[in-house]
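Using the sequences and the hints given, assemble the complete structure.
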Amino acid sequence: MAAIMKFFGEGASMSKIVSRWFLGFVLLLQLFAFQNCSQFEALNRDMGAGLSSAELSSLENSEDLLPDPGWQSPRLKVHAGKIENFMPKIELPHMELSPYEVSGWSLTQWRKQSYIMPTDMKVGDDRDSVLGTAKYTMKSSSGESEIKMFKHPQNGGFVFELTGRQGWLAHGGGSNVFVSADVRSDRKNTFDGKITLSLESKLVSASAVESVAGANRDGSVVGQYFSGFTVSYEDPTGRLPRTALFIQIHHADTRGRLNSEYRGCYPHNGYQEIVYSNTLAGDHYYAAASGSQDSLSRKQFDVNRYLCEALARDFSCVDDNGTRSNRNFKEYGQNLANWKVGSYYTGLETQAAFGSATVPSTARGTTEMKVQLADIRLTRDKSVIYASCEDYVAQRGQVVPVTPPAAPAVPAVPAAPSAPSVPLPASTPSVPSSTTCSSGNFNNGNQLVEYRCGCGVPTDEGWVAQGNQCYHRWVKDSFFCAAGKKTYFRCDKGNPGQDWVDVGGGCFHLGTQEGCS
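For the sequence shown, this note's numbering begins at 33 and goes up steadily by one.
Think of the hints as simulated: they come from the structure by calculation, not from any bench.
Just so we're clear, the structure is a prediction, and the values are computed from it rather than from any experiment.
Treat the hints with care, as some may be off.
[Unchecked claim] With a straight-line cut-off of 25 Å between C-alpha atoms, the simulated DMTMM-like cross-links for lysine to aspartate or glutamate are:
1) Lys414 with Glu95
2) Lys372 with Glu341
3) Lys220 with Glu242
4) Lys372 with Asp315
5) Lys121 with Glu95
6) Lys372 with Glu266
[Said to hold, decoys possible] Pair by pair, the computed Cβ-Cβ distance ranges are:
7) Thr544 with Ala245: 23 to 31 Å
8) Gly429 with Leu272: 44 to 52 Å
9) Thr491 with Val533: 33 to 41 Å
10) Lys121 with Gly164: 51 to 59 Å
11) Asn360 with Ser146: 37 to 45 Å
12) Thr491 with Ser329: 28 to 36 Å
13) Cys548 with Ser173: 42 to 50 Å
14) Ala313 with Asp423: 36 to 44 Å
Note that the Cβ used here is the ideal one computed from N, Cα and C, for glycine as well.
As C-alpha cells, then:
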C-alpha cells in the first residue's frame, strides 16, 4: 500500500480534503460503464417538492448522468480498502436482497482499522426518529464506520446514512467512507450543457473533541462532509495538454468554515492533476447539525459554476522534478465541450490522530460525523448551451463570484520532544485574501510555506504570486519547537543523511541545541 501511495504522489495532505488514494482511484476508474437504468420520466415526481416552475421546466430537458435515480436498490457494491493492479478491489454483496439488482453505486472506504464488509449486514436493526427502523445495517468491527439503509418516506427508494468515527491523518489524507458512482456510458457528459448536482441530505451529527491542545486546529481531530467530482479535459486538436481536475464541494466541517478554499496542482502520469475545493457564495453549508426531528431537505449545486471558478484562479504547480511554478488554466475554459465529468463521490472524512500510511498513532481526541443522503442526481440540461466559461458567465448575468478564503490557521506547536511522526499536517490554508498587510507561515505537505498578503511585491528571492495580492515561498528548513529547542523535519524527500532520525510516515527529524520559542 505504501508503494501505491507514493505512486499517487508526494506532499499530499489533509489540504486536498480527499485522500490521494481516492483521487488516484477515481481517475483510473473513468471507464464510464455501468448497467442500464430507468429513464428520466419520473424526475418531476421524485424531485418536484420545493422546486420553482422554472427549475421544473429545466428538469424536463435534463437527463440523469448517474445510475439508479432515486436510489431504488440497496445492493451497493462494497470496496474494503484493497488494491489490486492499482485498482480498488470491489466485492459484490454476499447477501440475498431479492428482488433488488446490484446497484451502480459503491460503498468506498479508505484507511480504516477495519472495514464494513458485505457479510456484516443485519436486517431490521436500529431506528431513526424520523425515518423509523432501518431496513439494513452494516458496521465495521472497529466501530469506525456504519451504513444504514432506510426506506424513503416519499419516493419509495432508499435513504443511506453514513457514519464515520476516529480514523487518522497521514501524508495521503484522512480516513474516508463514501458512496460513489461513475457517469453512465449512454449519457453525454460534457460541460457545454448545464450540469447540476441535486441531493437530499441531513447532517445528523458532527463532533470533534480534542484531548491534546490544538488538535482541532492542526487537522488531527477533524470531521468533514463533502461531494467530489472527477472531470477531465480532452482537446481533440491536441493544442492544450490533457488535464485532470478534482472539484470538491464542502458541505460541513467540524471546524466551521475554516479554510474553505483549497487549490492544488500536481503531476500525475504525465499530465497535471488539479484540485479545487470550496463552498461558493449562496450555496448551502451546514453550520451545525440538523435537529433530531428535521427531515431531509433538497440541496442543489451548479457544477459548471465550480468548474469555471476553478479555471479562473491561479495555481501553484509542481512538475515531475519538484520545480514549482505559477499557472492558470483560463484558456481551458474557452471550450466547455472539451470538459467531461467522469464520476461522483460523497461522504465523510474523519481523523482523530496522526499516523503513517497504514498505522495510526495515539488518539488526540474523538470525532464522529453522521449524514443521511437520498436521491442523488447529477443532471445535464441539454437545452442550455455554454460554449465557454465567458458564455456561462454572460448567461448567468453576473461575474463568477470569488469567495474569499479564510485566513490560515496557525499550526499547533508540539509541547514536548515526542512530536508527531508527521509534523503539523494541518489542512493547508488557501491563499489568504487581504487588503491589509499580513504575513506568516502555514503547513503544506509537511513543509512550511511562508506567505505575505497585501504588503506589496516582495523584493527578495523565492516568492511566487498567488493572486489576491498574496505571495508564497517554501521555507527551506522547516522546524518545530520542542522543549525550547529547534527540531528540523523533512517528509517524503528520502533520508536526508546522517544524524537524521526516521520517525515513520516518510518523515525524518533532526534535533538541535538551537533555541526557539
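These are the hints, each one checked on the structure:
1. Lys414 with Glu95: holds (8 Å)
2. Lys372 with Glu341: Given pair lysine 372, glutamate 341 holds - Cα atoms ~16 Å apart, limit 25 Å.
3. Lys220 with Glu242: It is violated: about 46 Å lies between the C-alpha atoms, which goes past 25 Å.
4. Lys372 with Asp315: holds (23 Å)
5. Lys121 with Glu95: Roughly 30 Å between the alpha carbons, so the hint for lysine 121 and glutamate 95 is violated.
6. Lys372 with Glu266: Within the cut-off at roughly 8 Å; holds.
7. Thr544 with Ala245: 23 to 31 Å: holds (24 Å)
8. Gly429 with Leu272: 44 to 52 Å: violated (28 Å)
9. Thr491 with Val533: 33 to 41 Å: holds (38 Å)
10. Lys121 with Gly164: 51 to 59 Å: At roughly 34 Å between Cβ atoms, glycine 164 and lysine 121 fall outside 51 to 59 Å, so the hint is violated.
11. Asn360 with Ser146: 37 to 45 Å: holds (44 Å)
12. Thr491 with Ser329: 28 to 36 Å: Given about 53 Å between the Cβ atoms, the range is violated.
13. Cys548 with Ser173: 42 to 50 Å: Cβ of cysteine 548 to Cβ of serine 173: about 44 Å, so the range 42 to 50 Å holds.
14. Ala313 with Asp423: 36 to 44 Å: Hint violated: Cβ distance 21 Å, outside 36 to 44 Å.
Checked against the numbered hints listed earlier, the structure breaks hints 3, 5, 8, 10, 12 and 14; every other hint is satisfied.
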